[in-house]
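Heads up: the protein sequence lines correspond to chains R and D, in order. Under our numbering, the first sequence has 131 at position 124, and the numbering climbs by one with no breaks. Under our numbering, the second sequence has 29 at position 24, and the numbering climbs by one with no breaks.
Quick caveat, the hints were computed from the structure, so don't treat them as lab data. One thing to keep in mind: the hints can contain errors.
[Unchecked claim] So the derived label-pair ranges between C-beta atoms look like this:
| no. | chain 1 | residue 1 | chain 2 | residue 2 | range |
| --- | --- | --- | --- | --- | --- |
| 1 | R | Ala228 | D | Gln12 | 29 to 35 Å |
| 2 | R | Pro90 | D | Gln12 | 32 to 38 Å |
| 3 | D | Ala122 | R | Gln200 | 29 to 35 Å |
| 4 | D | Gln12 | R | Pro56 | 47 to 53 Å |
| 5 | R | Leu49 | D | Ala31 | 51 to 57 Å |
| 6 | R | Gln200 | D | Leu109 | 34 to 40 Å |
| 7 | R | Pro124 | D | Arg22 | 14 to 20 Å |
| 8 | R | Gln200 | D | Thr73 | 14 to 20 Å |
| 9 | R | Arg137 | D | Ser93 | 37 to 43 Å |
[Stated by the list, open to error] The list that follows gives simulated cross-link-like pairs (lysine to any residue, SDA-like), each with its CA atoms no further than 25 Å apart:
| no. | chain 1 | residue 1 | chain 2 | residue 2 |
| --- | --- | --- | --- | --- |
| 10 | R | Lys105 | R | Val260 |
| 11 | D | Lys47 | R | Gly227 |
| 12 | R | Lys222 | D | Arg25 |
| 13 | R | Lys105 | R | Val130 |
| 14 | D | Lys47 | R | Leu223 |
The beta-carbon is built from N, C-alpha and C at its ideal position, and this holds for glycine as well.
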Amino acid sequence: MGEDVKALSAQLAQDPNSLVFLRLGEMLRLRGQLDAAHRVALNGLERHPHSADAHDLYARILADKGDFERAFDEWDMALRIAPIHLGALKGLAFLYFKVGDVAQAVAHLELAQREAPGDPGVVQALAMVRGGEAAGAEAELGLAPAPEVAQAAAAPMADSRVFAGLEGAAEGLLLLDSAGRVLGGTLRDPAGQDVSDAVAAYLAGVSQEAGRTAKLLGLGAWTGLAAEAGGGHVHLAQPTPDALLLVVRDRAVPMGRLAIVAERAAQAARRWLEQQA
Amino acid sequence: MTAVAFQRALDLVTRVRGVRGAMLVALGDGLVVAEHLMEGIKGPAVAALAASLANRLGRAMEAAGLGTGVFWHLQASEGALLVVPAASGILVVAVTDPAVNVGLVRLELLRAAQVVA
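Just chain R, with the same shape it has in the complex (with noise of 0.2 Å):
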């Protein structure tokens, strides 16, 4: 593989205009050499901006470093350059996937089966996303990271950053408890005013209306309550049955990637709640 990794890289020197860049990306990145794939992906992708398959090589080598919040941008533009891609539909249904909306990573799969009926791997994916194996899915979708990488990404996140991340006024995080009392974090209105406290009192009760509602219509556990408004959008999550967590962002993020940013926010609330136990 050195042999091949030394002659795509002197075939790019050669022409750095060629799209042999991909092959050399992608042979470095499962090689676990994340660093030199994303400098050749970085290139890559200046060269060849409207390349959905740049951008769905420089996805994987974010989903590899475990920046799943830039990942799902990259495979977001390459489905935006190109609506059936398969490495970036597969790509978001990993990271659906990884974040519990099975639904969606379901439906991503779909969509990648019907554009290639043959791919046995979707057709593995499909079948362990459906009976919840993680690790075999990601392996059949072929995003399974190099061992060290793996272990870096699923490193919980520095305390300091959770912290800042549940305390800091600009997050647009709020940690708060059934009874609609402000546990952490801050919110304010588009005037810079605090509005943490009516926003949580408001959203008290929401947990158990939420699962009473999903229960009558056999919908098993409630896992999230995504809205959008005129002026922003909005995810709910229940990091532990007594609390409840409120995402708010700007209407520029996408629904699927606030979904992720709100899961590592739970898990993040999650470890600091058990923490303060």
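Let chain R serve as the given structure and place chain D on it in line with the hints.
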């Protein structure tokens, strides 16, 4: 607004693959205006809860300075509840399978909301 118009609005939503049922709910009192649900689902109870949920979320979003809500999506392990409010104070509600095309249902809910506006 006629029963035919209500039915037309519901048909827009229920014809999407993966939609189990749909209903129109009065936001103010949570009463069912029209419904097309699978057998066994307690329409009035779901309507009351959906309206209450929409009211709470709506107030929270107003308090946060985000303006009026235009779409809500309750995600659950075995399906979803999608809601769009119409200008007439009626909520257009869809109950779906987990693997439904949410973007498509959202579009049809918005169209149905225009029909009942």
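Right, here's what the structure says about each hint:
The beta-carbon spacing between R:Ala228 and D:Gln12, approximately 33 Å, falls within the hinted interval of 29 to 35 Å. Taking the beta carbon of each, R:Pro90 and D:Gln12 are about 33 Å apart, inside 32 to 38 Å as hinted. Restraint check, D:Ala122 to R:Gln200: a C-beta distance of roughly 32 Å satisfies the suggested window 29 to 35 Å. Between D:Gln12 and R:Pro56 the C-beta distance comes to about 48 Å, which sits within the given range of 47 to 53 Å.
Against the hinted window of 51 to 57 Å, the Cβ-Cβ separation of R:Leu49 and D:Ala31 comes to about 54 Å, which satisfies the hint. Between R:Gln200 and D:Leu109 the Cβ separation comes to about 38 Å, which falls inside the hinted range of 34 to 40 Å. Distance hint check: the CB atoms of R:Pro124 and D:Arg22 are about 18 Å apart, consistent with the given range 14 to 20 Å. The supplied range of 14 to 20 Å is met by R:Gln200 and D:Thr73, whose beta-carbon atoms lie about 19 Å from each other.
Checking the proposed 37 to 43 Å range against R:Arg137 and D:Ser93 shows it holds: the Cβ atoms sit about 40 Å from each other. In summary, the hint linking R:Lys105 to R:Val260 is supported, as the alpha carbons are separated by about 19 Å, within the 25 Å threshold. Distance restraint check for D:Lys47 and R:Gly227: the Cα-Cα separation of roughly 15 Å lies within the 25 Å cut-off, and the hinted pair is therefore satisfied. A distance of roughly 15 Å separates the Cα atoms of R:Lys222 and D:Arg25; the hinted pair therefore holds under the 25 Å criterion.
For the proposed pair R:Lys105 and R:Val130, the alpha carbon gap of about 18 Å is at most 25 Å, so the pair holds. Between the alpha carbons of D:Lys47 and R:Leu223 the distance comes to roughly 7 Å, so the proposed pair stays at or under 25 Å and holds.
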